[in-house]
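Visitor: Throw the hints in and build the complete structure from the sequences for me.
There are 2 protein chains.
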Amino acid sequence: MFESAELGHRIKKAVYDEEVPELRKALLDAQVNLRKSGNFQVIILIGGVDGAGKGETVKILNEWMDTRFIETNAMGVPTEEELAHPSMWRFWRALPPKGKIGVFFGSWYTEPIVNRVYGTIKGSELDQATERIIRFEKMLYDEGALILKFWMHLSKAAQKKRLERLERDPETRWRVRDIEWAHFKLYDKFRQVSERALLHTSKAEAPWIIVEGTDPRYRYLTVGKTILNALCTRLDAGTPNTVSKLPPVLPPVDGKFLLTSLDFSQSTTKEDYDQKLVKYQRKLNLLVRSPKFKKISAILVFEGSDAAGKGGGVRRVTGALDPRSYRIIPIAAPTEEEKAQPYLWRFWRHIPRNGNFTIFDRSWYGRVLVERVEGFCSDADWMRAYGEINDFEEQITRCGAVLIKFWLSITKDEQLKRFKERETTAFKHFKITEEDWRNRKKWSAYEIAVGEMIAPTSTDFAPCRVVKANNKYYARLKIMREICTRLAAAL
Amino acid sequence: MFESAELGHRIKKAVYDEEVPELRKALLDAQVNLRKSGNFQVIILIGGVDGAGKGETVKILNEWMDTRFIETNAMGVPTEEELAHPSMWRFWRALPPKGKIGVFFGSWYTEPIVNRVYGTIKGSELDQATERIIRFEKMLYDEGALILKFWMHLSKAAQKKRLERLERDPETRWRVRDIEWAHFKLYDKFRQVSERALLHTSKAEAPWIIVEGTDPRYRYLTVGKTILNALCTRLDAGTPNTVSKLPPVLPPVDGKFLLTSLDFSQSTTKEDYDQKLVKYQRKLNLLVRSPKFKKISAILVFEGSDAAGKGGGVRRVTGALDPRSYRIIPIAAPTEEEKAQPYLWRFWRHIPRNGNFTIFDRSWYGRVLVERVEGFCSDADWMRAYGEINDFEEQITRCGAVLIKFWLSITKDEQLKRFKERETTAFKHFKITEEDWRNRKKWSAYEIAVGEMIAPTSTDFAPCRVVKANNKYYARLKIMREICTRLAAAL
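Top line first, the protein sequences correspond to chains S and G.
With the first letter of the first sequence counted as 1, position 234 gets the number 233 in numbering that gives the first Met the number 0; the numbers rise by one all the way through.
With the first letter of the second sequence counted as 1, position 312 gets the number 311 in numbering that gives the first Met the number 0; the numbers rise by one all the way through.
The reader is advised that the hints may include incorrect statements.
No copy labels: a pair is met if it fits in one copy or bridges any two.
[Unchecked claim] DSBU-like, lysine-lysine: derived pairs with alpha carbons at most 35 Å apart:
(1) K11 with K282
(2) K338 with K160
(3) K411 with K441
(4) K188 with K224
Derived by calculation from the structure, the hints in this document are not laboratory data.
As the structure is a prediction and not an experimental result, all values here were calculated from the model.
Guide: See the structure below:
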């Protein structure tokens with residue numbers, strides 16, 4: 000894979016001096032057009048061998064382009080804040096918004112490659128990691144991002160020469176630390192592991208560009224022209240990455256949905272409820288005060304039809320918690336900052352630190368519910384969302400978050416009863432709006448969407464609990480019990 | 000000050016049970032109206048004596064109100080991320096947006112009070128701290144926030160009894176740690192210092208409400224009713240906190256402005272420039288690589304007329320820096336998330352971690368420039384901004400940030416020349432828009448605004464450098480020299 004980057008590529012000074020002004024102008028123009036179009040962002044990863052000119056190349060890009068619209072992110076050793084969140088959190092936090100360019104020094108590749116080189120993970124684990132990366136980058140691509148991944152390469156002899164030269168010069172000596180020489184000793188291993196990871200993850204939607212790092216002029220021109228070419232092609236195309244000509248989804252031919260086949264005959268009494276609720280709340284309170292909870296977090300998702308009792312469920316949970324330890328995130332329409340990012344970004348920003356709860360009142364499932372039913376996104380968008388949601392939930396749970404998801408289900412008749420009750424009770428009046436009545440008219444479209452959503456997103460690591468909620472007492476106890484069980488198992 | 004909170008206030012259970020449902024309903028209604036109005040946020044501070052029921056009170060509020068629109072913030076020991084920023088950063092980060100309620104457990108009062116009790120600061124320093132707080136809260140108030148500060152009080156005997164009772168009960172024993180008893184030993188000192196701080200900072204715009212903490216029912220009703228009363232009064236008033244009937248500002252009667260009295264005859268040559276620029280860039284690069292820089296940060300502000308050379312100045316600075324260490328923040332119109340916060344919030348969110356640079360291309364001075372000239376805010380708003388900006392700059396510099404501000408000044412003729420050049424040079428065409436021409440028509444209004452702005456905001460801790468920029472070489476060298484000098488002094 001690296002052979003073509005060991006050919007001794009060179010660019011003569013005269014050629015370079017002639018080409019650069021033209022290239023700079025074109026890059027600046029492309030940047031202006033990117034900003035004007037505002038419908039995608041550019042994500043540039045810079046990886047490769049130490050001493051192959053990664054830093055200098057990024058510096059040149061910043062010189063050539065309008066630095067106000069490039070952000071360079073050093074993804075080095077994670078900070079304490081970053082360590083207290085799922086590992087992908089810091090990358091999501093650093094994603095550039097649409098219209099901008101984000102350069103990542105060190106990326107989601109660093110950890111798996113380094114861990115494999117040092118033998119802390121197995122080859123099969125590296126492959127799992129790269130599979131996750133492929134899906135992550137595919138999602139970014141589908142969300143519109145232009146992704147370019149540069150790998151700066153040096154042959155073993157060239158790297159040695161380069162490190163020695165840097166070390167000799169008093170001006171650059173500081174850049175060669177012990178760790179650079181330690182890495183050099185692992186050159187062969189590093190090369191082999193990188194090759195495996197790069198081969199695996201070089202896709203049409205996020206290609207690796209291997210750049211020989213010996214000659215700075217060759218390196219700068221290659222990177223500059225590659226960016227320009229990709230940016231112009233994308234700007235000319237004008238359309239988003241995905242096109243949405245897909246056949247419509249057929250409902251089950253026997254008309255049987257997950258939700259229509261539920262039995263709603265539960266009859267928990269008030270007395271039973273009062274007694275058990277206290278028991279569960281006490282248990283939850285104790286679980287959360289366990290020192291072990293400081294090392295994990297809990298993410299609760301409440302989904303369900305309007306008036307299914309999401310709010311009531313949430314209150315029974317928070318009743319057991321210290322208000323300092325939780326955040327409730329009601330999900331409504333995205334803000335403009337959120338719209339300038341891949342759709343999962345607005346959930347990532349609320350993922351809690353360890354030791355804390357985040358409770359989502361509606362969630363990322365909106366993508367395959369309201370956005371699907373109302374046509375806010377294309378068919379292709381919501382269809383790919385099942386897989387993206389799985390990946391997202393796997394990313395947050397793999398790092399220790401306990402993710403507990405509820406779908407609160409009520410019958411159409413029960414909803415009508417509750418809507419009317421809300422309209423007549425002064426106390427509850429604010430809970431019912433015109434929109435609720437409008438949504439109710441689409442009951443069957445939602446029924447299909449929910450029926451199709453639960454199976455593909457109810458996974459081993461993030462099962463979705465369908466809660467029959469015509470009887471509120473029954474539903475709340477079921478919620479409390481589930482949370483206690485899941486937390487107890489995780490602690 | 001605390002006498003009225005040692006009277007043994009009590010509420011009978013029957014009274015409480017009768018009043019609570021009414022109060023809850025009213026609070027819920029007020030919350031809905033707050034959300035609908037969307038033009039202010041509620042900031043509630045909870046302070047006071049250990050064991051006086053601070054936590055329980057917040058828990059009750061969360062039970063009574065719609066928890067989706069209350070955020071509770073525990074401001075305990077700062078995290079590593081928070082310590083790497085100016086100390087006020089974490090409070091700004093936690094401010095609720097308009098339409099919401101934010102509860103702060105521990106606040107900007109905690110540190111000065113505790114430090115004074117333990118004797119690490121002097122009485123005069125406590126007074127300075129409370130003066131800063133008064134100005135900070137006044138700013139929040141002027142920006143529309145409703146501020147309520149509750150102090151939960153217990154007499155010394157009552158506190159002792161309370162701690163002992165908590166300790167006896169196995170369910171609550173965990174809540175009494177050594178630190179609570181250590182604080183108790185300092186009861187008298189704590190009372191005296193708190194009284195001083197509270198007396199000093201209880202203002203009409205942000206009053207302290209002292210609540211006797213012995214009886215939970217009394218405590219809950221007092222806090223609930225106080226919030227309801229304040230919220231309803233404010234909602235009824237309907238208008239923002241400040242009214243803007245102010246006399247217009249008169250220009251200097253002799254027509255002499257700061258900017259019109261500048262001498263623009265500088266003549267730095269290209270040769271001189273090239274040579275000195277390299278020298279300064281090298282120096283800056285060395286300064287930033289100093290280990291001491293890891294403990295401070297640098298904030299650069301570039302302001303100036305259109306086409307005064309802000310971008311060119313920024314590029315000469317970034318040319319000396321590692322792209323990983325800086326962020327350039329171009330300031331344009333605020334986003335909707337930014338509009339839901341006090342106007343300084345959108346600058347606070349970009350304040351760098353120690354070891355980093357943030358370069359603002361335009362800045363908070365927009366408040367007294369474009370917002371004033373275009374009438375985007377009221378006269379009262381921009382008039383109070385001078386003091387608020389001083390406070391803001393003092394807050395960031397006191398924690399070690401080096402703040403360097405430039406006003407790049409060119410003559411009206413020079414601007415015309417540059418505009419025309421931009422229009423005819425393909426390379427620079429994107430830099431000139433209709434808006435630039437429109438702004439140019441308001442040259443004299445801006446001249447007044449700038450002239451009036453510089454003196455009150457050029458302070459000892461954050462001087463503003465007026466850079467005569469008709470000669471670009473001269474201007475850029477002056478910028479580089481200033482940055483090197485200021486950084487060298489700080490390291």
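Visitor: Going back to the hint list, which numbers does this structure go against?
Guide: 2
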